Amino acid sequence: MASDFRRKEQLPELTDRIVASYHDLDLIHHLAHCPLPSSKEVFGIVRDLKEVLFPGYRGRQNLHWANVGYYVGDLVDSLHDRMTEQLCRALRHAHDQSTRTDCEKRGTVETTTDFERIGQERAIAFLETLPQLRETLMADARAAYDGDPAAASTDEIVFCYPGFEAITIQRLAHELYRLEIPIVPRMLTEWAHRQTGIDIHPGAQIGRSFFIDHGTGVVIGETCEIADNVKIYQGVTLGAKSFPKGPDGELVRGEKRHPTVEEGVIIYSSASILGGDVVIGSGSVIGAGVTLTRSVPANTVVTIEKPSLRFREAS
Amino acid sequence: MASDFRRKEQLPELTDRIVASYHDLDLIHHLAHCPLPSSKEVFGIVRDLKEVLFPGYRGRQNLHWANVGYYVGDLVDSLHDRMTEQLCRALRHAHDQSTRTDCEKRGTVETTTDFERIGQERAIAFLETLPQLRETLMADARAAYDGDPAAASTDEIVFCYPGFEAITIQRLAHELYRLEIPIVPRMLTEWAHRQTGIDIHPGAQIGRSFFIDHGTGVVIGETCEIADNVKIYQGVTLGAKSFPKGPDGELVRGEKRHPTVEEGVIIYSSASILGGDVVIGSGSVIGAGVTLTRSVPANTVVTIEKPSLRFREAS
Amino acid sequence: MASDFRRKEQLPELTDRIVASYHDLDLIHHLAHCPLPSSKEVFGIVRDLKEVLFPGYRGRQNLHWANVGYYVGDLVDSLHDRMTEQLCRALRHAHDQSTRTDCEKRGTVETTTDFERIGQERAIAFLETLPQLRETLMADARAAYDGDPAAASTDEIVFCYPGFEAITIQRLAHELYRLEIPIVPRMLTEWAHRQTGIDIHPGAQIGRSFFIDHGTGVVIGETCEIADNVKIYQGVTLGAKSFPKGPDGELVRGEKRHPTVEEGVIIYSSASILGGDVVIGSGSVIGAGVTLTRSVPANTVVTIEKPSLRFREAS
Numbered sequence: 001m002a003s004d005f006r007r008k009e010q011l012p013e014l015t016d017r018i019v020a021s022y023h024d025l026d027l028i029h030h031l032a033h034c035p036l037p038s039s040k041e042v043f044g045i046v047r048d049l050k051e052v053l054f055p056g057y058r059g060r061q062n063l064h065w066a067n068v069g070y071y072v073g074d075l076v077d078s079l080h081d082r083m084t085e086q087l088c089r090a091l092r093h094a095h096d097q098s099t100r101t102d103c104e105k106r107g108t109v110e111t112t113t114d115f116e117r118i119g120q121e122r123a124i125a126f127l128e129t130l131p132q133l134r135e136t137l138m139a140d141a142r143a144a145y146d147g148d149p150a151a152a153s154t155d156e157i158v159f160c161y162p163g164f165e166a167i168t169i170q171r172l173a174h175e176l177y178r179l180e181i182p183i184v185p186r187m188l189t190e191w192a193h194r195q196t197g198i199d200i201h202p203g204a205q206i207g208r209s210f211f212i213d214h215g216t217g218v219v220i221g222e223t224c225e226i227a228d229n230v231k232i233y234q235g236v237t238l239g240a241k242s243f244p245k246g247p248d249g250e251l252v253r254g255e256k257r258h259p260t261v262e263e264g265v266i267i268y269s270s271a272s273i274l275g276g277d278v279v280i281g282s283g284s285v286i287g288a289g290v291t292l293t294r295s296v297p298a299n300t301v302v303t304i305e306k307p308s309l310r311f312r313e314a315s
Numbered sequence: 001m002a003s004d005f006r007r008k009e010q011l012p013e014l015t016d017r018i019v020a021s022y023h024d025l026d027l028i029h030h031l032a033h034c035p036l037p038s039s040k041e042v043f044g045i046v047r048d049l050k051e052v053l054f055p056g057y058r059g060r061q062n063l064h065w066a067n068v069g070y071y072v073g074d075l076v077d078s079l080h081d082r083m084t085e086q087l088c089r090a091l092r093h094a095h096d097q098s099t100r101t102d103c104e105k106r107g108t109v110e111t112t113t114d115f116e117r118i119g120q121e122r123a124i125a126f127l128e129t130l131p132q133l134r135e136t137l138m139a140d141a142r143a144a145y146d147g148d149p150a151a152a153s154t155d156e157i158v159f160c161y162p163g164f165e166a167i168t169i170q171r172l173a174h175e176l177y178r179l180e181i182p183i184v185p186r187m188l189t190e191w192a193h194r195q196t197g198i199d200i201h202p203g204a205q206i207g208r209s210f211f212i213d214h215g216t217g218v219v220i221g222e223t224c225e226i227a228d229n230v231k232i233y234q235g236v237t238l239g240a241k242s243f244p245k246g247p248d249g250e251l252v253r254g255e256k257r258h259p260t261v262e263e264g265v266i267i268y269s270s271a272s273i274l275g276g277d278v279v280i281g282s283g284s285v286i287g288a289g290v291t292l293t294r295s296v297p298a299n300t301v302v303t304i305e306k307p308s309l310r311f312r313e314a315s
Numbered sequence: 001m002a003s004d005f006r007r008k009e010q011l012p013e014l015t016d017r018i019v020a021s022y023h024d025l026d027l028i029h030h031l032a033h034c035p036l037p038s039s040k041e042v043f044g045i046v047r048d049l050k051e052v053l054f055p056g057y058r059g060r061q062n063l064h065w066a067n068v069g070y071y072v073g074d075l076v077d078s079l080h081d082r083m084t085e086q087l088c089r090a091l092r093h094a095h096d097q098s099t100r101t102d103c104e105k106r107g108t109v110e111t112t113t114d115f116e117r118i119g120q121e122r123a124i125a126f127l128e129t130l131p132q133l134r135e136t137l138m139a140d141a142r143a144a145y146d147g148d149p150a151a152a153s154t155d156e157i158v159f160c161y162p163g164f165e166a167i168t169i170q171r172l173a174h175e176l177y178r179l180e181i182p183i184v185p186r187m188l189t190e191w192a193h194r195q196t197g198i199d200i201h202p203g204a205q206i207g208r209s210f211f212i213d214h215g216t217g218v219v220i221g222e223t224c225e226i227a228d229n230v231k232i233y234q235g236v237t238l239g240a241k242s243f244p245k246g247p248d249g250e251l252v253r254g255e256k257r258h259p260t261v262e263e264g265v266i267i268y269s270s271a272s273i274l275g276g277d278v279v280i281g282s283g284s285v286i287g288a289g290v291t292l293t294r295s296v297p298a299n300t301v302v303t304i305e306k307p308s309l310r311f312r313e314a315s
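Heads up: the protein sequence lines correspond to chains L, U and P, in order.
Here the first sequence is numbered in the UniProt record's numbering, starting from 1 and rising by one per residue.
Here the second sequence is numbered in the UniProt record's numbering, starting from 1 and rising by one per residue.
Here the third sequence is numbered in the UniProt record's numbering, starting from 1 and rising by one per residue.
Treat each hint with caution, since some may be false.
Copies of the same chain are indistinguishable here, so a pair counts whether it falls within one copy or spans any two.
Below are the BS3-like pairs computed for lysine-lysine, each with C-alpha atoms no more than 27 Å apart in a straight line [claimed, not checked]:
| id | residue 1 | residue 2 |
| --- | --- | --- |
| 1 | Lys40 | Lys8 |
| 2 | Lys256 | Lys241 |
| 3 | Lys50 | Lys8 |
| 4 | Lys40 | Lys50 |
Derived from the structure by calculation, the hints contain no laboratory data.
Only a predicted model underlies this, so the values are computations on that prediction, with no experimental measurement involved.
For reference, chain L alone in the conformation it holds in the complex (with noise of 0.2 Å):
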């Protein structure tokens, strides 16, 4: 009555068989002396981030005025030497992607490019950003608990509303984005994405006072432009109709493909806007379930008609 360790002896033959497959199947492995962007790592900063951003609440408690100094300027020299490397790593990554040289084969073959450089100078100009960050997304906090009657204080905002952390991390991935850093912004919104169920591209142009309410199920993509004081509920999809093939019939990347949406529109659960031509004129209010691919002009309202609905008694 045990397992029978005679038979563990057939595993090497298998661990052949794996290894071989990494030879055919390479589109899936990165066996390679360049390492990709650490996920614990990028995961580490985007949680000292967040200690920048909206000191005293999470990590280290009992902060005040004659502390948070010190406290932050630690954080910011760490983050600058971090950030460096994960930077230069998705640089030099993309870069060897690029130009077909195999990346296995790095180290040996020369290159002119100075990623840490470029990794460093980005990471600082990112986190230039941080006080201009935290202005908008004070706006942010302000427009949920003007937006929500659940809201007991800002603080819970900021302590536990996905709506609020989609968008932060969102908005530090679009600076990056803006910075043209490959890989890393999407692993932060795919994160958030994780944490929220709220899936916003780090492309999306996103205006000030932006609140999404509950969000699960949220999806803007990557071209889409929101002007200020917009709210989105749960479910909601900005999305593409269709995509265009080119002559080799490869996908199109990088046209607009997703909507845009006037200063302070209203969308309601589970609507669906499709299509880079379809704008949502300012003040309008798209009603739940509603899905629309076209243009609608300022100050309308779109509700579903109400005799779509059949009722009858229980059999």
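Model the placement of chains U and P on the given structure of chain L, informed by the hints.
Same frame as chain L, but now just chains U and P:
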């Protein structure tokens, strides 16, 4: 080919600007001598409460009748101390906010309120609800087993059903909500929201034998009232229609804004029921994708009209 | 101004009542000498399986052709031992349940079944599927790249796409399901559900080159059959219409309750397809928000009728 550490010389000046922003942008920091509840502590408490409610599943293995009393007795003792501390923090913080005492100055300001004693009283009152909660949760587990043909055993439900996880956490949070504990109940339900994609406000009143299947995207608002034997599927919203504002232009907080769902109702995936005066009569069935903003009498089946679809051949 | 430790004197009596409730309310505890599979162990196994499938992305850095064999060989050896133990636990638990042997008394009760040997056999049979799984998963990664204009590289897909994570875990769980391992497959898919908001039952049969974009809110039921090259968006339900009950009033478990989706079908966001006899013909496109409870022939485009919306000016 390296980062230039002289460039780090600009970081102290950046730190100064970040710290300066804490003065101007004061809604999103918590620089104060009175700590907020600790997320880490609160989630540790939730983990141990689940050990008490469902012993033998997750944490300590090999529990049996001869040792479970020691284990649970020790947990209850420790939960008392840790909950007293966290509830005390939550109560003091809310008090400081509501009296507009600058939280920062605490320690010098006199207060006549004994938050530690109140925290302890409510921690004990909360722990006293656990035997009754086990009874309610066993009925929920049975409802899940009876309602899902894919469930192989109630163990599977306790072990890994997200709907059972969400209702467990909400029932714990609801007891704290009834004891008028600030912020902590919402921390609990937002933690469950992150795990499960199910967002149930701590204030929602939910009857016995409640089952949410799949669950991602479900939203149940603060002032919902749900009777016994209700079954809900993924993507269902029990939400608000619109938020009345008071004479000061601020949202009115605390009114009934979310629907009432009577005994035995089934609500299929992605249906939305919106409004505080909406009552779904007992025994009714609300079909997938239906959006309702008015009441339906008992034993009504509501579905989407068939002809709202268009069929054509693919080009 | 402190908590009163004399009040703790009531805690032992409370503990007694909680322990007493384990006798009466016995569906939601596992007080027994035969341990259930350990969540922590099972999730560690999943993490290491992903290292074997996709080396170099997440865990060990700097893997290359000269060292990957040692690393993977060691992982496979360790996975054998740990999976044998966990599968053995799952098999013994299910056996105890089905024979209604009181699990509590195990160790004294004789059984002729050698669970350790069966656990080992199935662990090895499972590990033997890994080379084939790598082939299938590479096709999935390629389908994601080909289907999403926002994807910058297949590395990005392996690294952070939730749809790829969900199908990876489901394909692992499905192999365990085919080997008739109880409870563990569902632990895996519910873990993926928590991470991604995508809920695919281990029993679902899914063809090659499958891609779920965004994914939050997707539900794919136990008896779904999905052919090759199918693409699904967030919020899609492939679910059941209603559950037949047997003459004993209990649900009939194991019947085909979920739809069949043929080759090359695209299903846009929040569409629901419900029922075990529903077949979506090859090449069909199901539009956003459509609810279908009947079959459609090959090459059909199904969309929501336009006139179901009402437009008015905001007051």
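Let me make sure I understand: some of the numbered hints might not hold for this structure. Which ones are they, in numerical order? Violated hints: none at all, because every hint is consistent with the structure.
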